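Protein chains in written order, with this note's numbering: chain A, 27 to 170; chain B, 5 to 138.
One or more of the hints may lead you astray.
To be verified - Partner residues aside, some chain B positions facing chain A, computed with beta carbon under 10 Å: (1) Gly22; (2) Asn49; (3) Gly86; (4) Val91; (5) Arg103; (6) Val125; (7) Ala126; (8) Leu136.
Claimed, not checked - Ranges between beta-carbon positions, derived for each pair: (9) B:Leu135 to A:Ala144: 29 to 37 Å; (10) B:Thr40 to A:Ala135: 37 to 45 Å; (11) B:Arg36 to A:Thr34: 30 to 38 Å; (12) A:Leu164 to B:Val111: 26 to 34 Å; (13) A:Ala135 to B:Gly31: 35 to 43 Å; (14) B:Gly105 to A:Ser69: 38 to 46 Å; (15) B:Leu74 to A:Ala140: 28 to 36 Å; (16) B:Ala104 to A:Gly97: 16 to 24 Å.
Stated by the list, open to error - To spell it out: a stretch of chain B is covered by chain A in this simulated footprint if at least three of its residues, at any positions, have a beta carbon under 8 Å from a beta carbon of chain A; those stretches are: (17) 92-100; (18) 111-119.
For the record, the hints were derived by calculation from the structure and aren't laboratory data.
Quantities reported herein were computed from a predicted structural model and do not represent experimental measurements.
A virtual CB, placed ideally from N, CA and C, is assigned to each residue, including glycine.
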Amino acid sequence: MRSWGLETMPRQARLLMAVALGAASGSLLRYLSSLAALALLGSGFAWGTLFVNVAGSFLIGLYSTLTEPDGRIMAGPILRQGVLTGFCGGFTTFSVFSLETFLLLQAHAFGAAALNVAASVLLWLVAVWVGYRIGTRLNRLKGS
Amino acid sequence: MTTFLLSCVLVFLGGAIGGIGRFFVSGLVARRFGETFPWGTLTVNVIGCGAIGILAAVMLDSATQGPSNLPLWAFFVTGGLGSFTTVSSFALQTLALARAGEPLDAVLNIAVSLAACLLAVASGFGAAHALLGA
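Sequences and hints are given; from them, build the entire structure.
In C-alpha cells, the structure reads:
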C-alpha cells in the first residue's frame with residue numbers, strides 16, 4: 027500500500043487518523059444499511075441496527091483473531107486499530123439500539139422491545155463467537 | 005438527493021468525531037480503572053445512551069418519532085453518538101471474559117450494560133422533557 031508520505035507523521039497522529047477514518051466509513055455504511063433496511067423491510071422493527079451490530083460483531087471476532095500475533099494476517103497496530111476500534115466501532119452502535127428499544131417501550135410495544143433485546147444480545151454474541159472460531163480455523167490452516 | 009448527500013457527509017464527519025471520542029474516553033477509563041473488566045466500553049456506551057435520550061427528547065417529533073431536523077440528527081445522533089458507542093467491542097470483550105474463565109464477569113457485563121444503557125436513555129429522555137416542560 028502506498029503511504030503518500032504518511033510515514034513522516036507522528037505515530038499517534040497516524041493512529042488517530044486510522045481510527046477516525048475507520049469510524050467515519052463504518053458510520054456511513056451503518057447509515058446506508060439502515061436506509062436499505064427501511065426501504066426493503068419497512069419501519070416496523072429495527073432491522074438495520076440489528077444487521078450492522080451482528081455483522082460488526084462477526085467482523086471484530088474474525089479480524090481480531092486473524093491479526094493476533096500468531097494469526098494468519100500480518101497487520102500493524104495502526105491498521106488493526108483502524109479496523110477494530112475505528113470501523114467495527116463506528117459500524118456498530120449501542121446508543122441507537124438502546125434508543126430504538128426505549129421507543130418501543132414508550133409505544134407500549136413491550137413484546138417487540140423484549141424480543142429486540144433478547145435477539146440482539148444473543149445474535150451479537152453468537153456472531154462474535156463464530157467470527158472467532160472461523161478465525162482460529164483459518165489460523166491453523168497449513169500452507170499458503 | 006442533496007439532503008441525502010448532505011446527510012452522508014454529516015454522518016461521515018460525526019462518525020469520525022464520535023470514534024475519536026470513544027477511543028479517548030474508553031482508553032482513559034481503561035487506564036484509570038484497569039482492563040480486567042471492560043469499564044471503558046461500558047462508560048462510553050452509558051454516556052452515549054444518556055446523550056441520545058436527551059437528543060431524542062429535543063429532536064424527535066412525538067407523534068411520528070421522526071427527527072425534526074434531518075441534517076442535525078445525521079451529524080449528532082447517527083454519526084456522532086452512533087459511532088461514540090459500540091456493540092462490537094462489547095461483544096468481543098464479553099467473549100474474552102468467557103474464554104478467560106470468567107463467565108460470571110461475562111454475564112455481569114451483559115446485564116449491567118443492557119440495564120445501565122436503557123436506564124440512561126430513559127433518564128436522559130425524561131430529564132430533557134422535564135426541563136423543556138413538555
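Can you let me know if the beta-carbon spacing of Arg36 (chain B) and Thr34 (chain A) is within 30 to 38 Å? 33 Å, holds
Discussion item. Take the shortest C-beta to C-beta distance between Asn49 (chain B) and chain A; is it under 10 Å?
Written reply: 4 Å, holds
Quiz item: Taking the beta carbons of Ala135 (chain A) and Gly31 (chain B), is their distance inside 35 to 43 Å?
Solution: 37 Å, holds
- Item | Hint check, Val125 (chain B) versus chain A [nearest Cβ-Cβ separation less than 10 Å] | Holds: closest Cβ of chain A sits about 4 Å from Val125 (chain B), inside 10 Å.
query = Does the Cβ pair Leu135 (chain B), Ala144 (chain A) satisfy 29 to 37 Å?
reply = Given range 29 to 37 Å: holds, Cβ gap about 33 Å.
With a cut-off of 10 Å, does the beta carbon of Arg103 (chain B) approach a beta carbon of chain A closely enough for the hint to hold?
8 Å, holds
- Query: Within 26 to 34 Å or not, the Cβ separation of Leu164 (chain A) and Val111 (chain B)?
  - Reply: 29 Å, holds
Check your understanding: Holds or violated: Gly86 (chain B) as interface residue toward chain A, Cβ cutoff 10 Å?
Key -> 4 Å, holds
Review point. Would you say the C-beta atoms of Ala104 (chain B) and Gly97 (chain A) sit inside 16 to 24 Å of each other?
Key: Check passed, 18 Å falls within 16 to 24 Å.
When the least beta-carbon distance from Gly22 (chain B) to chain A is tested against 10 Å, hint result = 6 Å, holds
**chain A contact restraint for Ala126 (chain B) - C-beta distance below 10 Å** = Holds: closest Cβ of chain A sits about 6 Å from Ala126 (chain B), inside 10 Å.
Quiz prompt | Coverage claim, chain A over the region 92-100 of chain B, checked by counting residues with Cβ within 8 Å (three needed) | solution = holds (count 7)
Hint 8 alone, counting from the list given before, is not met by this structure.
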